[in-house]
Amino acid sequence: GNSREAAGGVDGCDPGITDDTIKLGASTMQSGAAAAYKAMPQASLALFDEVNEAGGVTMGDGKKRKIEFVSLDDAYDPARAVKNTRQLVEKDQVFAIFQAAGTSPTLAIMDYTTKAGVPIVFAATGSDEFQKKRDEGATIAAFMLPQVGFENEVMVRSIEQIDPDATIAVLYPNDGLGKGSLAGLKDLVKDTGLKVVAEESYEQTSTSVDSQIVNLKSSGADVFVNFGTGTFVTQALKKANEIDWDVEKFVISASTDVSTVLAPAGEDAAEGVRSVAWVYDVSSDANNDMPGVENWREFAERNKDRVDTHNSIAALGYNNSQMMLKALEEFDGCTREGLLETVQKLRGVETDLGLEGITFGSGDADYPYAITSMATMQFLDGKWEYADVITRDK
Amino acid sequence: MTFFATKQLTASYGRGTVLHNVEVSVDQGDIAVILGANGAGKTTFMRAITGLVKTQGSIVLDGLELVGKRTHSIARHGIAHVPQGRGTFKDLTVADNLRVGGYRLPERQVAALMDRWYDFFPKLKSRSNQLAGGMSGGEQQMLAIARALISQPRLLLLDEPSLGLAPKVTAEVFSVLTEINAETGITVLVVEQNAKVALAAASKGFVMETGRIVRSGPAESMRNDDEIRRAYLG
Amino acid sequence: MNVFTMLREQQRPVRAPRPLVILGLVALLGWLIWQPMVSAPYVNFDRSMVLVFVVVGLGLNLLTGLTGQISLGHGAFFALGAYLSATLVNEYAWNYLAVVPLAAVVAWALGYLVGRPVLRFSGLQLALVTLSLALITPSIIKAFDDITHGQEGIILDTAEPPGAVGLERDQWVYYLCLAAAIATYVVCQRLASGRVGRSLIAIRDNETVGATLGVRAAVIKTRVFALSTALAGVAGVLYTWVVQFVGPDAFGLTLAITFIILIVVGGLGAMPGVVFGALFVVYVPTYTASLDQSAAGLSFGVALLFFMFLLPTGVIGLVRVIARGLTRGRRKGAAGRTTGDTAQESAERADREAALPLDA
Amino acid sequence: MSDPEPSRGTPPALSILDVRVEFGGIIALDGATVGVAPDQVMGLIGPNGAGKTTLFNCVSRLYEVQSGSIEVHGTDVLARRPDQVAGLGVARTFQNVGVFPTETVLDNVLVGAYPRTRGGMWATALGLPSIRRSERTERERARALLAELELTAYADEVAGQLPFGSLKRLELARALMMEPRLLMLDEPANGLTHGEVLELAELVRGLRGSHGFAVLLVEHNMDMVASLCDEVTVLELGRTIAVGTPDQVRSDPRVIEAYLGGAE
Amino acid sequence: MTLLLQQLIDGIAWGSLYGALALTLVLVYRASGIINFAQAEFAMVGAFVAWQFTEWGLPVVMAIVIAMVLSFFGGAAAELVFVRPLSRTASHFTLIIITLGLMLVFNNGAGWVWDFSARGFPEIWPGPVINIGPAVISRQGFAIMAAAGVIAVVLYVLFQHTRIGLAMRASVGDPDSASLSGIAVANLTTISWGLAAVIGTLVASLAAPQLFLQPNMLATTLIYAFAAMILGGLNSPPGALVAGIIVGVVENLAGTYLPGIGGDFKQAIALLIIIGVLIVRPQGLFGKKEVVRV
Ligand SMILES: Nc1ncnc2c1ncn2[C@@H]1O[C@H](COP(=O)(O)OP(=O)(O)OP(=O)(O)O)[C@@H](O)[C@H]1O
Ligand SMILES: Nc1ncnc2c1ncn2[C@@H]1O[C@H](COP(=O)(O)OP(=O)(O)OP(=O)(O)O)[C@@H](O)[C@H]1O
Ligand SMILES: CC(C)C[C@H](N)C(=O)O
Ligand SMILES: [Mg+2]
Ligand SMILES: [Mg+2]
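Protein chains in written order, with the numbering used here: chain A, 36 to 429; chain S, 17 to 250; chain W, 2 to 361; chain R, 18 to 281; chain X, -13 to 280.
A few of these clues could be false.
Cut-off 20 Å, straight-line C-alpha distance, at most; resulting in silico cross-link-like pairs (EDC-like, lysine to aspartate or glutamate) [stated by the list, open to error]:
1. S:K70 with R:E274
2. A:K126 with W:E169
3. S:K106 with X:D101
4. S:K212 with R:D240
5. S:K139 with R:D264
6. S:K212 with R:D47
7. S:K139 with R:D240
8. S:K70 with X:D162
9. A:K339 with X:D101
10. A:K150 with W:E161
11. S:K184 with R:E39
12. A:K214 with W:D146
13. S:K139 with R:D47
14. S:K106 with R:E39
15. A:K167 with W:D147
16. S:K141 with R:E39
17. A:K150 with W:D158
18. A:K221 with W:D147
19. A:K150 with W:D206
20. S:K106 with W:D147
21. A:K339 with A:D367
22. S:K106 with W:D158
23. A:K167 with W:D206
24. S:K85 with X:D162
25. S:K212 with R:E39
26. S:K184 with R:E216
Chain R regions said to be covered by chain S (calculated; three or more residues, Cβ under 8 Å) [what the hints assert, rightly or not]:
27. 207 to 213
28. 242 to 256
Simulated from the structure, these hints should not be mistaken for laboratory data. Built from N, CA and C at the ideal position, the CB exists for glycine as well.
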């Protein structure tokens, strides 16, 4: 782009939208340590392409628009996320940032987008930080991971159901999410019979968490809450099993993938693990008979080359994109302002992969997270058994 | 009969050719000396023989073409090369240096040969367990020569063996060379600045200037040549 | 002699008539100053990043290229500067410009303290130690999370242009970085040539011999190390102006590799080369990312191999060889050995001519 | 007799008294004593391993001295760091050449100007004009020296590629660039033909005449020693066993026995 | 008490892994005088190859063996192509950069082929854990210890009691003189690179069930392997293993009992060990000092 100023859109409209196209963009981690998340934008691209082939999405103003989705890689480096986002806004002139991913990068770009008046919608992150940001007026809405505080709340409630005065041992990654979760948990148990008696942290660059698990066991706690992610969860389960530490184990919703997280630990190692969820686990074939899951399987089949049907991250991308489509159908303006409001208003939206009894959208401009109800679940002989849905009360 | 001969030998480093059509031939049992000013290309010639520089042309040892062969296999065909300015393994002990010399011989034989050279260079014996890097310049030169001879070569290349050696030792080295040469008929090709001693021991002589052989002939004829006297003997 | 061997050999700077040099310099400077006026903000920010890397790269080149001391750990000092800027500006409301000298001093002092013991290590050991430092820099940052806010990092709103100058933020930052880069370049260029430069190479080639010529390796090495860490620190500050965010993940192994690429791609020991290195590390990843999730890292790896093999003298080596080719006709012997030109001749030539702008 | 001439008022260029050096049991120097008067050329000969180079390395402070004293022009060297010795006007060459292989021949020589010239990192960074000026004059000086040692053809070559003999001459040029008051040469004739040796001797004598410095010369080439040295000190097993004119020494039975052998 | 014992055992188990990797570094260092920063990545790729064979239905042991054979050629090829052409002329810096380049290429190459998500890896010796008093050790961990021990001894004998060891030391010191003595320097180096890769593949395949297979599997262990190598004295195989175990144990105990360290800051220990050793005892526990002579 050599023209100094970002050319404004036509007649009162913001840049990035025309009568037959709307341009969305996002910088996400697609290489390096967190490269697995590339599956998310991939799924979105696949879905949008299908929509475009069918002529586009019919938006609130009755016009059919094709969706252009520009997806850049920041390798989970916030600095590059900022750089990319500037480029998206100034060069590609996207209308909105859709499905930004990761806490640090999303936090990093937020001030810039807010200044530029560009909304960040359906981002794949749930740190409590965003509540603060929203209170400061950030142009964000309907993030597609549960607010960490809320997930903790759900977890605490189900621990109480099991044993109202249980002692808890916690493993957490030494990062914003991990420490935030720990702090949140301690906060929640304050006025309950529950008690955090041991906490161990690990670095994303650690070799193993064996030593931490051994220490946690020696605390004699009744419940093991594991805020870890990825292989560290698998390692933890495996080690706990080896030194047979059989207590109630909780993992966070981000670590519930059967094929990549639970199964590798060994069949009995993951038996009985508890967590929460808002979409069906696609990594196992347990729920294939659900109509929504069937849709997903067919979609994945149609886009084999880009979408792995058993990849939960891809499934999230699919889910988020369906939310985006829903929002566009509702949206009848052509300003970024307008889109933000539309997304904020979304409520009770049903998607293919949403668990039964769970809908998305807070309908509350002040609460920038779209997930307001979750199901508790337990991992029993190789599959997740979903139990009662808990809804956020405020 | 010619035991060793180079034909049309040219050698070059990355840039610029250093040797031009060098033709040298020596018979079995010869001790041949190569004289030449500094920078003439003597070292390059030696390095060319053992494949340490890029060369074209032909080098024949006892009917076997060496050009194109890798250094270690050239060595295995019975050529030992004492490079200019040491070439000892600084972080190996004196004894290990000698063992490397006997790398391809049976242990027992090596032991015997080592004793022999210990006797000739007592200094080495008294230091057999010192790291070679600690030895003095001359001591290292002795070590290099001993190591070369231990490998029982058929052709011995010496690049300025007297370098850093005390006059006495230089004399001794050349006399022992003639000894061994008489004993085993080993062929020796030596680059030497100490022409006096070298020509005395040698049977044949060559003069190299700017990468070319400009004179060659029997050693004594050279000893009596005025031009050579002025430049190399004095 | 063929081109490949020329590319492998260290090439001396190509010299050109002084008027030409002046002209070139003026033109270049003009372009650099005019560009941001007509470029989109993100373009200016990218260019500012290039300049930031130039500042780091120059210091590293002085240290590694000339003095022969490998450091893969300068990311730590870069981070130091960045976090100083972030915290002082955010928490203590410092003037963002005031942070620059402070960062320089602090990074210099720390570099001096670290350098003193560490620079006694051999090349391999040094590489190993500094690589390890790079590996744990992020966890060090997180360990001080009460200051650094650990993983979340720090968002900072800084380097707002003074109203008087009437520039946008991106332009203002660009000019600041440009000024820093030029100043650094001049200093490093001077240090790289002449008495000091020769002593650095002496240290690289043979410390013992250097000592007998009065070169006090221990001290000089430490000073150069400290200088390079100071520059890394300053660059860290500039980085925060451009990015307006600091987080631990930006300062790990990848950054270490990036820094090495800076000098390898440009050309070891050749100050102008750093510019090419900086362009490489800023722009290449943006193109590769679209290929595959591994392409960015792969491209860096391949670049390292490629340059070490085919272009050990870096882009600058190539530039010089080409320039030679062009000037050869004009002055025979300019290429490589100036055999035959006598003392006075070449001395005079040196007077008549100065170095090319990008090629001192 | 082994004392440096006491007669002179000015202190000797070099006086090494009773120096002892050990390397884990190996006694390299065992009370060696050498004296060099100002503008004297002193030869230093002795069998291999006698301790000649070690002696050099002691003066250069590259080796630690167990006992004894070393003074250069009356200043105690042992109290100095290696890099400070150069400041005392001591220049040396190395037996197995110590050039900077990746620097050009010209730059190698220019490093020789280091101890004489000013301009540290700060001054250089600021680009003070004085520095530019001295740089220019030194360059001219260096080129002149290269011409004198017939190395001009190599001036812009990378030093690593020079033939051995040229390397020795390059080292000499660099040493002379230091404008030394004491020049220590470790086997400078290595790799030179008889003819070249005589030229070299001629050159050193000439330079000494014009610049006036003392020389300590380690050399196994007796022609060189004879044609250059005013006096010769003989070292054996780290001890000084004889001092005298070249002819005296050459005819000294102990020297012949230990060093020269029949070959003379 | 149980805690201490368990931490000790885990420390030894992981330490053996670090030690085993250090062994591969030592082997290459002995043979070519350089530290191959890509060594851990070689091993990782080897494990991936083995995994690929298991995916294609081969029994795990056979898969690993085949992978080991292949990695010999892989390692040798890497040396032939990337190191040998430069090894004689090039500076340390060049070679370091080259191995860094290889590290990136192998890591991201693996990511390209197998992507970055973690995979389980079958155990060669499945079954319940082994009880040691109140504490336990996984069979896999035990296997690593055993393997590392054997390898260390074999390498020690190779270096110390065969001519090959002598030849290696000679080649590193002065390649030209070595080949002038009839030593096939280049082949020696190439073979050692091959062997190092073989060992790496074995070790990585044994560790994979614990670490879970993904391109960055061993990247995090690299720094510990460095620490082990330095502490062990750069070129002593037993030294590397012992040092590795020391590092592992220290790491675990410090992580457990030192308040400041904690689970997340353990890596710093490795760096501290490295620097500390280099300053206090550069030749490491088992290395020997070098003379410097001018
Ligand atoms: N590595 C190298 N690269 C480029 N040129 C070289 C190299 N080594 C030697 N030369 C050139 O080859 C020519 C001959 O060098 P060489 O060492 O063979 O001479 P020499 O006769 O051995 O001299 P000396 O008697 O001093 O040892 C010289 O001009 C030298 O510059
Ligand atoms: N760094 C060292 N470590 C161990 N021994 C050493 C060291 N330096 C010198 N020596 C020993 O000290 C003695 C004297 O060595 P030096 O190099 O001074 O002899 P030199 O007189 O120069 O002999 P040359 O005429 O052969 O050069 C030798 O026996 C040598 O082995
Ligand atoms: C390489 C240099 C330091 C010279 C070495 N001391 C020698 O005299 O052999
Ligand atoms: Mg020679
Ligand atoms: Mg000596």
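Pairwise hint evaluation, D240 of chain R against K212 of chain S, where the allowed Cα distance is 20 Å at most: The given pair, whose Cα atoms are some 12 Å apart, holds under the 20 Å limit.
When you check the alpha-carbon spacing of K70 of chain S and D162 of chain X, does it fall within 20 Å? holds, 14 Å
Are K150 of chain A and E161 of chain W close enough, with their CA atoms no more than 20 Å apart? holds, 14 Å
Straight-line alpha-carbon gap K106 of chain S to E39 of chain R, limit 20 Å: With a Cα-Cα distance of about 19 Å, the restraint between K106 of chain S and E39 of chain R holds, given a limit of 20 Å.
Going straight from one Cα to the other, do K85 of chain S and D162 of chain X come out at no more than 20 Å? Answer holds: K85 of chain S to D162 of chain X is near 15 Å, not above 20 Å.
Holds or violated: K106 of chain S to D101 of chain X, with C-alpha atoms at most 20 Å apart: violated, 48 Å
Restraint check for K339 of chain A with D101 of chain X, where alpha carbons must lie at most 20 Å apart: holds, 16 Å
Could you grab the alpha-carbon distance between K150 of chain A and D206 of chain W and see if it respects the 20 Å cut-off? Distance ~54 Å between K150 of chain A and D206 of chain W Cα, so the pair is violated.
Need the status of pair K214 of chain A, D146 of chain W: alpha-carbon distance at most 20 Å? holds, 11 Å
Regarding the pair K139 of chain S and D240 of chain R, is the alpha-carbon distance no greater than 20 Å? Cα-Cα ~26 Å, so violated.
Are the Cα positions of K139 of chain S and D264 of chain R separated by 20 Å at most? violated, 28 Å
With the threshold set at 20 Å, check whether the alpha-carbon distance from K184 of chain S to E39 of chain R stays at or below it. Violated. K184 of chain S to E39 of chain R sits at ~26 Å, over the 20 Å cutoff.
Violated hints, listed in ascending order, are 1, 3, 5, 6, 7, 11, 19, 20, 21, 22, 23, 25, 26, 28; each of the other numbered hints is respected by the structure.
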